[in-house]
Structures are given as structure tokens and as C-alpha cells.
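Asker: Sequence:
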Amino acid sequence: MDDTLQGKVALVTGAARRLGAAIARRLHAAGANVVIHYRGAESDAAQLEAQLNGLRKGSALRLKADLLAPIAPQALIGAALERWKRLDLLVNCASTFYATAVGEIEAAQWEELIGSNLRAPLFLAQTAAPHLAAARGSIVNIADIHAERPLKGYLVYSVAKAGLAALTRSLALELAPGVRVNAVAPGAIAWPEDGQFGLAERERIVATTPLQRIGDPADIAQAVHYLATAPFVTGHLLAVDGGRSLFL
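Numbering-wise (the working numbering), the sequence shown opens with residue 1 and increments by one.
One thing to keep in mind: the hints can contain errors.
[As the list claims (entries may be wrong)] Below, a list of computed lysine to any residue pairs in the SDA-like style, where the Cα atoms sit at most 20 Å apart:
| # | residue 1 | residue 2 |
| --- | --- | --- |
| 1 | Lys64 | Arg83 |
| 2 | Lys152 | Thr209 |
| 3 | Lys64 | Arg119 |
| 4 | Lys152 | Thr208 |
Since the hints were derived computationally from the structure, they do not count as laboratory data.
Starting from the given sequences, assemble the full structure and let the hints guide the process.
Answerer: Set out below in C-alpha cells:
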């Protein structure tokens, strides 16, 4: 790969599987030491940690945490600092995604979707900020193209991601010039594993994507790597969607 992140430390939330794992691998390949946060995917996190440490000894650390717990930000960032004495990059990738129909939305659903997609990134950023500033580091949030164009049937998720987009821009103002803050807004990258989108819906999404296919987690990882190393970019939401937002 390259050495653009040589000696730097990255904390990636939701890093055990799918997009988060791809991001962790990409950053590690660029020389970063990586904190692999996970909540329930113990086996996947352990496997990724072993793989990365096999490539470069002592370069990966897996940490379990429920991001809705108030102690989670300090626990995660504290562990990274204890291990490597610095923090250069925070990637807020952990997310919860499911439909919420108007008229049937429950308070617990609001708390979970807002908590994972908006509240956790805020408090992680707030806790990490002084350490990132000391390293002239950055934050990359994983938003969604539906932050700006809501996804029908997914009201609370859309609101949460819209909040994350606003948080990205606000933090870019608040934390400048010491910390850059950006976001990647994925389109259709990896289909939900719980079957939320049936075959007909998948075909419709591909048909309304100019590049006529879905993306790969590696596309998001590449975008995160770019934003993490772009010294004059802050407050930007980068759509990685094959052009699909042109049709929304």
C-alpha cells in the first residue's frame, strides 16, 4: 500500500465486520496502528486483530464496548492512549439500520438509532478532540446519502444521519484549526444481511445508479483514507454512491 499513516493511531468503531473491517484494513495497510471496536462480533474482531498483528506485530487492538454506555468514549480512547500514547484518527463507523414506520415508532427505537448514529459519534469526538488536536489529527464520520435525501420508511435512521452530517460540519468549525472533520456518505455498498431489501428493491436501486452496480466496502475505505490524509479538506461530505444521489 503506502506509508501515509506510518506511526499514527486510528480508532475505528464498528470495525469487526463489513465497512468497518475494510476501513481498518486499509488504514493498517497505510501504516496505522488500529483500535478495532466491536460490540457483539467477538469472533470477527478477534480474527481481524490476529490478521493485522500477523502482518505487523503489536499493531492492532480489539476493544469491546456498547457505544450507548456513557463510559464507552473514555474507555475506548483511554485504551488507545494507554497502548500507543497518541490518537491521530477517529472513524465513526458503527451504525444501526432498520425501518421505522410513522405511527409505530417507539421511544426505544429512537434512542437506539439516534444513539448509535449521532450521540455516540458526538461524545467520541468530544472525548477524542484534545488528543487529536495534539496530533493535528482528524475525524471521519460514516454518514449516508440519505442524510440529505431521506429514505422512505426509515424516518429515524434518516434523521440520525442528517444529524451526523450537521455534526460533521459543526465540529469542523468548532475544532479547527487543530482537528479536521469530514464524512463519507455511502450509497448502496453492501446489502443488509437481514434481508431488509428484497430482490425487486435491489434491482431498482441498481437501475437508478448511473454506474449500474453497487459499491464495495473497499470504496468506502479508500474514501476514508483520502479524507484522513487530505490536509486542506474539512467540513466536507463525500458521496461514494456510484452517482445514485443524482436520482434521489
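Asker: Going through the numbered hints above, which ones does this structure break? Give me the numbers in ascending order.
Answerer: none
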